[in-house]
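2 protein chains.
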Amino acid sequence: MRLRSITAILATVLTCGISQAQTTQGNLADDFKPSTFNQPGQEYPQVNSQGYARFRIKAPQADSIRVSLGLGGRGGTKLTKGTDGYFTGTTEGPMDEGFHYYHLTVDGGVFNDPGTLNFYGSTRWESGIEIPAHDKDFYALKSVPHGHVQQILFPSKSTNTSRRAFVYTPPGYEKDKSKKYPVLYLQHGWGEDETAWSNQGHANLIMDNLISENKATPFIIVMTYGMTNDVRPGGIRNFKIDAFQTVLTEELIPYVDANFRTIANKAHRAMAGLSMGGMETHTITLNKPDTFDYYALLSGGTYNPEEMAGKSKPKLIFISCGSRERPDGVNNAVAALKGAGYNAVSYVSDKTGHEFQTWRRSLHQLAPLLFKN
Amino acid sequence: MRLRSITAILATVLTCGISQAQTTQGNLADDFKPSTFNQPGQEYPQVNSQGYARFRIKAPQADSIRVSLGLGGRGGTKLTKGTDGYFTGTTEGPMDEGFHYYHLTVDGGVFNDPGTLNFYGSTRWESGIEIPAHDKDFYALKSVPHGHVQQILFPSKSTNTSRRAFVYTPPGYEKDKSKKYPVLYLQHGWGEDETAWSNQGHANLIMDNLISENKATPFIIVMTYGMTNDVRPGGIRNFKIDAFQTVLTEELIPYVDANFRTIANKAHRAMAGLSMGGMETHTITLNKPDTFDYYALLSGGTYNPEEMAGKSKPKLIFISCGSRERPDGVNNAVAALKGAGYNAVSYVSDKTGHEFQTWRRSLHQLAPLLFKN
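Here the protein sequences come in this chain order: A and W. The working numbering numbers the first residue of the first sequence as 1 and each following residue consecutively. The working numbering numbers the first residue of the second sequence as 1 and each following residue consecutively.
Possibly wrong hints are sitting among the right ones.
It does not matter which identical chain is used: a pair holds within one copy or between any two.
[Stated by the list, open to error] Quick list of in silico lysine-lysine cross-link-like pairs, DSS-like style, CA-CA up to 27 Å:
| no. | residue 1 | residue 2 |
| --- | --- | --- |
| 1 | Lys266 | Lys177 |
| 2 | Lys58 | Lys81 |
| 3 | Lys136 | Lys311 |
| 4 | Lys266 | Lys58 |
| 5 | Lys266 | Lys175 |
No lab work stands behind these hints: they were computed from the structure.
Work the whole structure out from these sequences, hints included.
Written out as C-alpha cells, the structure is:
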C-alpha cells in the first residue's frame, strides 16, 4: 500500500455513516430508547428501531447546538431550542447500524454530549452512540464464560518509557496452568488508541461468544498504541513505521511471550489492523516475514502477489471492508492472491462504511479462521 | 457508622479542594504547564508550581463559561472571553495538591473540558485535573516491574448479569505459577465506580513502586462497583448494604478465588474503602466477621470497640482521613480501639480534604501494613 492510499483511507473516516436509503421522517417509528453507550441513568441520546438518533442537551443560555452526526455535507444535525432550556433534534435520516463517534458544537465550541460515554477517536475522547444492529447478538454480553482484558505496562527502551497495552486472555486461561495459546496482535486506526478494540469494538465479547460456541480456537489478543497519531508536525504523510515496528517486534512481543503462556512462534502468531492499523499490519508483516503467519487488513488496504514474491507464504491472508467502501478492491485483491496460490479470504460487511461495525464483523469472520491449520 | 454520618461524608464531597492559605494572585508564578491528566496534545488546562489552575476553552459564540473549581461558595472560576473566541481564566487561589474533579458550565449547560481526560465521579464522567504534589513520586510511573490491571466479568446470579471488576496482579504474578497471594478488596466512594482506584487513584502504580522497594508484601487488589449510586429514587438514606454484600461475599470472592492464585482464607483477605466505600467496608466486615482479617476506612467513618465486642479481633484496623476533614475523630477512634486491645493505626493526610490525594496517600500507608502478621 502506498501513502496515497493511506490518505484515501483517512478521507473516508470523515464521511458520516448515515444511510442514503431513507431521508424522510415521514414514517418515524415512535420507539426511541436510550443508546446502550449512554452514561448510567442518562435518557439521551436515544435511537429508534429504524436507526434514527435523537438528542437532548441542556444549555438554557446557549444560542446554537449542532450534532456532528447527520447527512453528509449538511453539517450534521442542528438542534432546536425549547422554552425549557433544552435543545432537541433527530437525525434527518437513519444511521448505519453499529457504533458512531460524534460531538457537539455549542456556540462554536466543541464539546462532548454529557449523556454518553466517551471513546478515543479523532485523537480525542469523543461521544459515542450505538445504533442497534440486526446482528448485534454476536457482540452482546451474554451469560457465558468471559475472558479477561488486562492492562499491562511493558518496558520500552526504544521510547524510554513504560508503554500500555491491553491483553485479552480467553475464558479458562487462569485455570489450566499448562495450556499455551496463540496470539493475535490487533491494531486500531488513525485517531484511535489501544482502548478502541475493547471499548467500541467489543473484541473481548466477540471472542467470548465465539469460544462458547466452539467456533474459534481460544487465543490471546494483544492491543497496543500504534503511534499512528504521533506524526505532528508534518502530517500523516510523514508517518514512518520504524518506531512502532521496533516497539511491537522487539519489545512488546518478547514481553508478552515472557509474561503470558503463549506459543511463541510464527505459526501461532497473527497480526491484524483496521484502517491505518491495516497499513501498519501490511508493512510490518512484509518487513518481518518470520514473525507472523496470519495477516489481516480490515478497511486497511490490500496485499498483492508481486510484493510478496520470494517470501514464504503466510498461512492466511484476510482482507475486508464495508460495502460502502471499496469492496471491488478487496475482492479483486483476494482473487489475485488466490490465483497466485495464497490462502486468501475476503469479507465485505453489508451496508456499513469505514466504521466499527465493519471491524466488529470482520473480527467475527476472521477469528474462526485463525490458528486452525 | 450511622446513616447520619454517611450524609455527613457526602456533604464534604461537595466542598472544593482549594487551599485557604493564599487567595491572591499577586505573586503568581509564571511556570504554568499542561496538567498530567490532559488529553494527548492538549495544552490546557494548565497548573503552576504554586497550585493555581488555568483554563482555556474555545466557544466563539458563547456568552459565559464557568469552571466548577475555585474558592468555595463563590461558584467556581468565571472565565473571561477574549477577542479570539477563547475563554480563559485562573483560579483565585492555589488548589490542594492532587486530583480534582470538575466540569464547565457553558451558557447554563454542564459539559466537560475538551482538554482533559474524564474520570467517573458524581455519577458521571467528569473532567479531571492534577495539581502536582510534593510527594507525587510515590504514585509516579517509573521504570520498575509493573503489575497488570485486568477487567473481569464475573457471573452474578443475585443481580442476573455479568458484573465488572478490575483486578491488580502484582509484578511477577504470571511467572511463578505456584505462588499464591493475599487479596485486598478495595472500594470507591459514592458517585464513583470500579474504575476510580486505577484511573484517578493510581493504585497499581502505588503498589508497583512499594513492591519494587520491598516495602509491601505483593498482594492482589480487587475493585468492583459498590452499587453506591443505585439508590434513586429515595436517595442515599435508603441505601441498603444487602445487595452489594451478596455480590461481594457470595459471588465475587468465590470467582476471584477460583480464577486467581489466592490464599483463600480470612487471614489473607482485607477490605478497604473510601468515603461511602468505607461505610460499606465497616458494615460488611462486621456482618461477615469470618471473611476479612484487615479492615481499612479511608475518609469513611470509624469503628468503636462497643460494636466489635464479642467478635474475634481483626489483625489490623486502619482509619484515615485528610487534615481538612475530621482528624480528631480518626485519632480518637484509634486511641479508643488501641485502649481496647485492637491493633489499630491512624493516618492523617496533611493539607488535603475529601479527595483522592488523601486516599492515594492512605493506600500508600496501608499497603505496607497488610498481610505482615
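Verification of the hints:
For the homomeric pair Lys266 and Lys177, the shortest alpha-carbon distances inside one copy (22 Å) and between copies (25 Å) are both at most 27 Å. Proximity of Lys58 to Lys81 under the C-alpha cut-off of 27 Å is found in both arrangements, the shortest distances being 9 Å within a copy and 21 Å between copies. In this assembly of identical chains, the alpha carbons of Lys136 and Lys311 never lie at most 27 Å apart, being 39 Å within a copy and 51 Å across copies at closest. Proximity of Lys266 to Lys58 under the C-alpha cut-off of 27 Å is found in neither arrangement, the shortest distances being 54 Å within a copy and 50 Å between copies.
In this assembly of identical chains, Lys266 and Lys175 lie within 27 Å of each other by CA distance both inside one copy and across copies; the values are 26 Å within and 22 Å between.
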